[in-house]
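**Student:** These are the residues of each chain, in order.
There are 2 protein chains.
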Amino acid sequence: MSVEQTLVANALLAWKQALERLHKVFSSLSDEQLQKEIAPGKNRYLYLYGHYVAAHDSMHTLLDIGPRLHPELEAPFLKEKDRAVADLPSAAELGKLWDEVHDSLNAAMEKLTAEDWTRKHTAVSVEDFATAPLRNRMAILLSRTSHIAYHLGQFQLHKD
Amino acid sequence: MSVEQTLVANALLAWKQALERLHKVFSSLSDEQLQKEIAPGKNRYLYLYGHYVAAHDSMHTLLDIGPRLHPELEAPFLKEKDRAVADLPSAAELGKLWDEVHDSLNAAMEKLTAEDWTRKHTAVSVEDFATAPLRNRMAILLSRTSHIAYHLGQFQLHKD
Numbered sequence: 000m001s002v003e004q005t006l007v008a009n010a011l012l013a014w015k016q017a018l019e020r021l022h023k024v025f026s027s028l029s030d031e032q033l034q035k036e037i038a039p040g041k042n043r044y045l046y047l048y049g050h051y052v053a054a055h056d057s058m059h060t061l062l063d064i065g066p067r068l069h070p071e072l073e074a075p076f077l078k079e080k081d082r083a084v085a086d087l088p089s090a091a092e093l094g095k096l097w098d099e100v101h102d103s104l105n106a107a108m109e110k111l112t113a114e115d116w117t118r119k120h121t122a123v124s125v126e127d128f129a130t131a132p133l134r135n136r137m138a139i140l141l142s143r144t145s146h147i148a149y150h151l152g153q154f155q156l157h158k159d
Numbered sequence: 000m001s002v003e004q005t006l007v008a009n010a011l012l013a014w015k016q017a018l019e020r021l022h023k024v025f026s027s028l029s030d031e032q033l034q035k036e037i038a039p040g041k042n043r044y045l046y047l048y049g050h051y052v053a054a055h056d057s058m059h060t061l062l063d064i065g066p067r068l069h070p071e072l073e074a075p076f077l078k079e080k081d082r083a084v085a086d087l088p089s090a091a092e093l094g095k096l097w098d099e100v101h102d103s104l105n106a107a108m109e110k111l112t113a114e115d116w117t118r119k120h121t122a123v124s125v126e127d128f129a130t131a132p133l134r135n136r137m138a139i140l141l142s143r144t145s146h147i148a149y150h151l152g153q154f155q156l157h158k159d
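Quick mapping for you: the protein sequence lines, in order, are chains A and B. Note that numbering that gives the first Met the number 0 gives residue 82 to position 83 of the first sequence, counting from 1, and the numbers run on in steps of one. Note that numbering that gives the first Met the number 0 gives residue 28 to position 29 of the second sequence, counting from 1, and the numbers run on in steps of one.
Some hints could be false.
Here are the in silico distance ranges between beta carbons for each label pair [to be verified]:
#	chain 1	residue 1	chain 2	residue 2	range
1	A	L133	B	A91	28 to 36 Å
2	B	T112	A	D30	46 to 54 Å
3	B	E114	A	G94	37 to 45 Å
4	B	Q155	A	G94	22 to 30 Å
5	B	A129	A	K15	17 to 25 Å
Straight-line alpha carbon distances no greater than 27 Å define the calculated BS3-like cross-link-like pairs of lysine-lysine that follow [what the hints assert, rightly or not]:
#	chain 1	residue 1	chain 2	residue 2
6	B	K158	A	K80
7	A	K15	A	K78
8	A	K15	B	K15
Stretch-level coverage of chain A by chain B, calculated; a stretch enters the list once three of its residues show a Cβ under 8 Å from a Cβ in chain B [stated by the list, open to error]:
#	region
9	44 to 55
10	111 to 125
11	129 to 139
12	151 to 157
Derived by calculation from the structure, the hints in this document are not laboratory data. Heads up, the beta-carbon is just placed ideally off N, CA and C, and yes, glycines get one too.
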């Protein structure tokens, strides 16, 4: 592996390890447990479960590697806050959506070359990218990995 | 910038952004506030403040880029749990230690080439690294960045 390929492999490994830990949290919860708030007055696990599926699905378009698979998840899990939408998927349904979205996303990300990762993502304009070349796809991958760690820390605090 | 240099710059930027957010949390707390637990029954802010200084100081040796500046912080903030050691530095002292450690660490990390980042860290043996080449310095940088996000999530949960 070249140096640049190794650096990409590092970032993808960190992403997958974080993702696995997150999935372990969500997939171990029953429908009843998913109704609990992660801390008093905060989002429910159910909401965050769907939030992650929707946020990661949107990485398809953000990284310009394909269409979102489930745009219908944007309203209940990204645009709206928890409890704004009453009819949310069950644990079993979210589990299927999780697998579908991540299988697709991870397969598409694996195909990107190191150079692809340094190209701009779709939320930055050509003009802005010219002056801020680190607003690239790799920045998205790294920030989404940290986003997972952020919530893992919160889950850990209240699991006892 | 080459592709590999850009990828390293991305990882360093993510690290620095996380570090800045973390520093903002700690440096805004008074000595009295630092005595508070981040959640009932958990570590105090003071302990985590020192924990981060000590953990990041140890990155000097882990990345093989110099000696630790303050090995005396290892016992109270890494080896021992919170409250095991009574005499801990004040907020003002920790602030100075923070700056000193991070100025040194960040300057040393800036000097590493992309290839340097793909070389092994000191906590993995030559034999193990031969079969697991992603146990490199970049893995350390990425995991320490996620470590910060992990605690930022916890702080956010209880700041209201």
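**Student:** None of the hints should be skipped; say for each whether it holds.
**Tutor:** Results for each hint:
no.: 1; hint: A:L133 x B:A91: 28 to 36 Å; verdict: holds (34 Å)
no.: 2; hint: B:T112 x A:D30: 46 to 54 Å; verdict: holds (51 Å)
no.: 3; hint: B:E114 x A:G94: 37 to 45 Å; verdict: holds (42 Å)
no.: 4; hint: B:Q155 x A:G94: 22 to 30 Å; verdict: holds (27 Å)
no.: 5; hint: B:A129 x A:K15: 17 to 25 Å; verdict: holds (22 Å)
no.: 6; hint: B:K158 x A:K80; verdict: holds (19 Å)
no.: 7; hint: A:K15 x A:K78; verdict: holds (26 Å)
no.: 8; hint: A:K15 x B:K15; verdict: holds (22 Å)
no.: 9; hint: 44 to 55; verdict: violated (count 0)
no.: 10; hint: 111 to 125; verdict: holds (count 4)
no.: 11; hint: 129 to 139; verdict: holds (count 5)
no.: 12; hint: 151 to 157; verdict: holds (count 6)
In summary, the one numbered hint that this structure violates is 9.
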